[in-house]
Amino acid sequence: FLGGHGFPQKKLDTPREFYDYEAKYFANDTIYTCPSGLDEAMVGKIDELVEKTVKMTGVRHWGRVDLFVDENSQPWIIEVNTVPGMTDHSLVPMAGKQAGLEMPDLVLKILELTLGTEARHA
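Position one of the sequence shown corresponds to residue 23 (our numbering), numbered consecutively onward.
The set of hints was computed from the structure by calculation and includes no laboratory data.
There's no promise every hint is true.
Using 30 Å as the maximum straight-line C-alpha spacing, the simulated BS3-like pairs for lysine-lysine come out as follows [what the hints assert, rightly or not]:
{"no.": "1", "residue 1": "74", "residue 2": "33"}
{"no.": "2", "residue 1": "74", "residue 2": "131"}
{"no.": "3", "residue 1": "33", "residue 2": "131"}
{"no.": "4", "residue 1": "131", "residue 2": "77"}
{"no.": "5", "residue 1": "131", "residue 2": "67"}
{"no.": "6", "residue 1": "67", "residue 2": "32"}
{"no.": "7", "residue 1": "67", "residue 2": "46"}
{"no.": "8", "residue 1": "119", "residue 2": "33"}
{"no.": "9", "residue 1": "32", "residue 2": "131"}
{"no.": "10", "residue 1": "46", "residue 2": "74"}
{"no.": "11", "residue 1": "32", "residue 2": "77"}
{"no.": "12", "residue 1": "131", "residue 2": "46"}
{"no.": "13", "residue 1": "74", "residue 2": "119"}
{"no.": "14", "residue 1": "77", "residue 2": "119"}
{"no.": "15", "residue 1": "46", "residue 2": "119"}
{"no.": "16", "residue 1": "119", "residue 2": "32"}
{"no.": "17", "residue 1": "74", "residue 2": "32"}
{"no.": "18", "residue 1": "119", "residue 2": "131"}
{"no.": "19", "residue 1": "119", "residue 2": "67"}
Quick list of the computed label-pair ranges, beta carbon to beta carbon [what the hints assert, rightly or not]:
{"no.": "20", "residue 1": "41", "residue 2": "138", "range": "14 to 24 Å"}
{"no.": "21", "residue 1": "35", "residue 2": "108", "range": "34 to 44 Å"}
{"no.": "22", "residue 1": "98", "residue 2": "38", "range": "17 to 27 Å"}
Here a beta-carbon is modelled for each residue, glycine too, at the ideal position from N, C-alpha and C.
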């Protein structure tokens, strides 16, 4: 999420039992899809859940909400990551690119959101 709202959703598929360190950083068979390819109704449902989660946890500005969708099409929150990765292969920059923000612009947007809010509270 960025600015309290959902960001383009990502989907990952791995043939492994878990999306672990190996699958994330070294495996050539992990597939990342952005946008997720989910139907509009599910994307809307997930966006709403992410926005509620962000609001309920009090997290501000940016981060990543990880979830999975079960076989009954029910999304489940796994974690809220307040300091997600920002490498060239991380998920937040991938979503930023999909939203039209290259890495420098994404970093500037995060800084603007953070510093702008902090300046108002100072």
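Structure-based check of each hint:
For the hint pairing residue 74 with residue 33, the CA-to-CA distance comes to about 20 Å; that is within 30 Å, so the pair holds. Between the alpha carbons of residue 74 and residue 131 the distance comes to roughly 22 Å, so the proposed pair stays at or under 30 Å and holds. Restraint check for residue 33 and residue 131: satisfied, since their Cα atoms lie roughly 24 Å apart, inside the 30 Å limit. A distance of roughly 20 Å separates the Cα atoms of residue 131 and residue 77; the hinted pair therefore holds under the 30 Å criterion.
As the CA atoms of residue 131 and residue 67 are separated by approximately 25 Å, the hinted pair is consistent with the 30 Å bound. Of the pairs offered as hints, the one joining residue 67 and residue 32 holds, with about 14 Å between alpha carbons and a cut-off of 30 Å not exceeded. For the hint linking residue 67 to residue 46, the alpha-carbon distance of about 26 Å falls within 30 Å, and the restraint holds. At most 30 Å may separate the alpha-carbon atoms for a hinted pair to count; residue 119 and residue 33 meet this at roughly 15 Å.
A distance of roughly 20 Å separates the Cα atoms of residue 32 and residue 131; the hinted pair therefore holds under the 30 Å criterion. A hinted pair counts as satisfied when its Cα atoms are at most 30 Å apart, and residue 46 with residue 74 qualifies at roughly 27 Å. For a cut-off of 30 Å, the pair hint linking residue 32 to residue 77 stands: about 21 Å separates their Cα positions. Using a Cα cut-off of 30 Å, the hinted pair residue 131 and residue 46 holds, with the two alpha carbons roughly 26 Å apart.
Between residue 74 and residue 119, the direct Cα distance comes to roughly 24 Å. Compliance with the 30 Å bound is thereby established for this hinted pair. Restraint check for residue 77 and residue 119: the C-alpha separation of about 25 Å stays at or below 30 Å, so the hint holds. Using a Cα cut-off of 30 Å, the hinted pair residue 46 and residue 119 holds, with the two alpha carbons roughly 19 Å apart. Between the alpha carbons of residue 119 and residue 32 the distance comes to roughly 12 Å, so the proposed pair stays at or under 30 Å and holds.
The suggested pairing of residue 74 with residue 32 holds, with an alpha-carbon distance near 18 Å, which does not exceed 30 Å. Proposed proximity of residue 119 and residue 131 is supported: the alpha carbons are some 13 Å apart, at most 30 Å. Between residue 119 and residue 67 the CA atoms are separated by roughly 22 Å; this keeps the pair inside 30 Å, and the hint holds. Residue 41 and residue 138 have their C-beta atoms about 34 Å apart, which leaves the hinted 14 to 24 Å range violated.
Residue 35 and residue 108 have their C-beta atoms about 23 Å apart, which leaves the hinted 34 to 44 Å range violated. The hinted range of 17 to 27 Å is satisfied by residue 98 and residue 38, whose Cβ atoms lie roughly 19 Å apart.
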